[in-house]
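**Student:** Here is how the chains run, residue by residue.
2 protein chains.
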Amino acid sequence: MDRITPVVLCGGSGTRLWPRSRPSAPKPFLRLLGEQSLFEQTLARFGDTAIFAPVLLVTGKDQLALVEGQLGESAISGIIVEPEPKSTAAAIALAALRLPGDAVMLVCPSDHHIADNALFCAAARQSAALARAGWLVAFGIEPTRAETGYGYIKRGEPIEGGFRVERFVEKPDQARAEAFLSEGGYCWNGGLFAFSAGIFLEELARHRPALSQAVRAAVAGGKEEDNRFHPGAAAFARIEAESVDYAVMEQTSHAAMVEANMGWSDIGNWQALRDAREADAEGNVVRGTADLLDCRNVMVDSDAPRVSVVGLEDVIVVVDGDEVLVTSAEGAAKVGKLKGPQGK
Amino acid sequence: MDRITPVVLCGGSGTRLWPRSRPSAPKPFLRLLGEQSLFEQTLARFGDTAIFAPVLLVTGKDQLALVEGQLGESAISGIIVEPEPKSTAAAIALAALRLPGDAVMLVCPSDHHIADNALFCAAARQSAALARAGWLVAFGIEPTRAETGYGYIKRGEPIEGGFRVERFVEKPDQARAEAFLSEGGYCWNGGLFAFSAGIFLEELARHRPALSQAVRAAVAGGKEEDNRFHPGAAAFARIEAESVDYAVMEQTSHAAMVEANMGWSDIGNWQALRDAREADAEGNVVRGTADLLDCRNVMVDSDAPRVSVVGLEDVIVVVDGDEVLVTSAEGAAKVGKLKGPQGK
Chain A
6 MDRITPVVLC GGSGTRLWPR SRPSAPKPFL RLLGEQSLFE QTLARFGDTA
56 IFAPVLLVTG KDQLALVEGQ LGESAISGII VEPEPKSTAA AIALAALRLP
106 GDAVMLVCPS DHHIADNALF CAAARQSAAL ARAGWLVAFG IEPTRAETGY
156 GYIKRGEPIE GGFRVERFVE KPDQARAEAF LSEGGYCWNG GLFAFSAGIF
206 LEELARHRPA LSQAVRAAVA GGKEEDNRFH PGAAAFARIE AESVDYAVME
256 QTSHAAMVEA NMGWSDIGNW QALRDAREAD AEGNVVRGTA DLLDCRNVMV
306 DSDAPRVSVV GLEDVIVVVD GDEVLVTSAE GAAKVGKLKG PQGK
Chain B
6 MDRITPVVLC GGSGTRLWPR SRPSAPKPFL RLLGEQSLFE QTLARFGDTA
56 IFAPVLLVTG KDQLALVEGQ LGESAISGII VEPEPKSTAA AIALAALRLP
106 GDAVMLVCPS DHHIADNALF CAAARQSAAL ARAGWLVAFG IEPTRAETGY
156 GYIKRGEPIE GGFRVERFVE KPDQARAEAF LSEGGYCWNG GLFAFSAGIF
206 LEELARHRPA LSQAVRAAVA GGKEEDNRFH PGAAAFARIE AESVDYAVME
256 QTSHAAMVEA NMGWSDIGNW QALRDAREAD AEGNVVRGTA DLLDCRNVMV
306 DSDAPRVSVV GLEDVIVVVD GDEVLVTSAE GAAKVGKLKG PQGK
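So the protein sequences, as listed, match chains A and B.
One rule links them: number in the numbering used here = place in the first sequence (from 1) + 5.
One rule links them: number in the numbering used here = place in the second sequence (from 1) + 5.
Some hints could be false.
No copy labels: a pair is met if it fits in one copy or bridges any two.
[What the hints assert, rightly or not] The list that follows gives simulated cross-link-like pairs (lysine to aspartate or glutamate, DMTMM-like), each with its CA atoms no further than 25 angstroms apart:
hint	residue 1	residue 2
1	176	299
2	344	325
3	342	285
4	349	308
5	339	283
6	344	67
7	344	285
These aren't lab readings, by the way, just hints derived from the structure by calculation.
Here the structure is a predicted model, which means the values were calculated and not measured.
Model the full structure from these sequences, guided by the hints.
**Tutor:** This is the structure we're talking about:
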């Protein structure tokens, strides 16, 4: 059986891990957990060459140098360089058009954390089997809290190796998120997908014909240099930016899901990062130099100055160059609303 | 009637306003409130030459340059330079020995804040009248909370222009502090005193003969240069370090007090400083550049980096060079226990 082709999407900088993540230091390339960046961890996840073919990367021209700087020894088949960000439907369509029609694509963001690689590989094989059977497969993550920052998937009837998707649900408010949890049968949408390249393109053409044609035109007008593929910029500019969830997964009648409880986190804000890092007996997490007195569940992340904290609980302190961030764990989701991450 | 001679004690650096206060930048000389340092504010308090004679300063050799740098145009009669710190009984005795026996001394720390100068002057005159009548006078501050960081004075029977002191009470625990407040008749000991120089020396000789003799020997062996008096170092080294409260005020049968509700604060920690600064409608206080989102009663004090704070209440953030302090308002009293202020 053919190996799975990982398609790694590497765009966007994100504002919610500001001040560590900045336009010059986007989230995927930061060493937030352990010694590797999230991007490096993502590439390392496909090390088993019995399962995975070389990785196809899709990134933006602003991120290309960062991507190349962290490729290391990873086996990649090429890099598609988008002239501008156009969301995930276009990025995946580009990759699908550059692959054989019967290739099974495993689409992965480059800025998520997955703690258990064995479970990830098992879910990847399971999703690939469904993809070969014609399904468009989403990875569902069992929810552990009433999170309002994620989309949800309502599980449908069981099929061989997984479930049908009853429906996708956009980010809910607090009350709905709590109802999902108590009702059961809902998973977080982990942003990982598997499908056959040909079937994805068919479904895209069916539900988003204009988007499909615009991407084809950009590929037709593109050029390849040293394993880097550059879509035609003029055609690319006309592409409508839509997420793959909205453009394809919510439209198709062949949506399926696998359950993948593999210690997934999108590291979507500082609270999520704190939770993914190892804490001491008091729940405190320190990177850099810190002096904590009467503290619980405090995270300090400092690139240079010593940070001394007294008498606090569930507070996060980040020092990065000329910026200091102090936030409650709960407030971490609002960091993007500060002036700093908006470039003010 | 002779004018009052202010005796300003200017020693010690204090650790509870770390990292702003450091051995190289002691608390009295920091511009913590308004444009003047607490030391400059203290000197400015004696501007009315109808009431006050020129100030006599007592400081340590390590602080002399700082004192001289902030004297400005203030009228001073001299500076006594202690070879080493020996607490307040010795410092006041030095000043008393350098003044005429009938001089009325008004002893003031140089690192307290007094918001209402008119009330201060009124209390100074009142205390001086009592001092001329032979009393040793303490300034009592009406307590506004069950503070455990201050000594207390139990008010005794009324006398002309004030009250007898029933007794001095050392820093109480929380339960006793609360009992003082509900019982009434207790004041905070503000650390300001008035007495005749001669009577102070008599009482010191009576209750602490060894300390009295050691200070006299240090003065006898001292030398004056350019208005700076340097006590003899060898004799000075033999002085026992005792507070004036303990060595004299608690011992004498002539202790009196005036009530002085003049907006006094010893600015003893960051919470006290926050309370003394002007806050905005949400109770937030900012010095330097800050960006506050969903915050209440937060103080930011930064010498350079921008400090962004999200979703916190009653938290204080201080940035000073290579040190960042984040403390709960309640935890501010424990800042001195951190490694930084202990020079570690």
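**Student:** Would you mind marking each hint as holding or not holding in the structure?
**Tutor:** Comparing the hints with the structure gives:
1. 176 with 299: between (37 angstroms within a copy, 23 angstroms between copies)
2. 344 with 325: For residue 344 and residue 325, both the intra-copy (15 angstroms) and inter-copy (22 angstroms) Cα distances are at most 25 angstroms.
3. 342 with 285: Answer is between: at 21 angstroms across copies they meet the 25 angstroms cutoff, but 30 angstroms inside does not.
4. 349 with 308: both (22 angstroms within a copy, 19 angstroms between copies)
5. 339 with 283: within (23 angstroms within a copy, 27 angstroms between copies)
6. 344 with 67: For residue 344 and residue 67, the Cα distance is within 25 angstroms only inside one copy (23 angstroms; across copies 43 angstroms).
7. 344 with 285: between (32 angstroms within a copy, 19 angstroms between copies)
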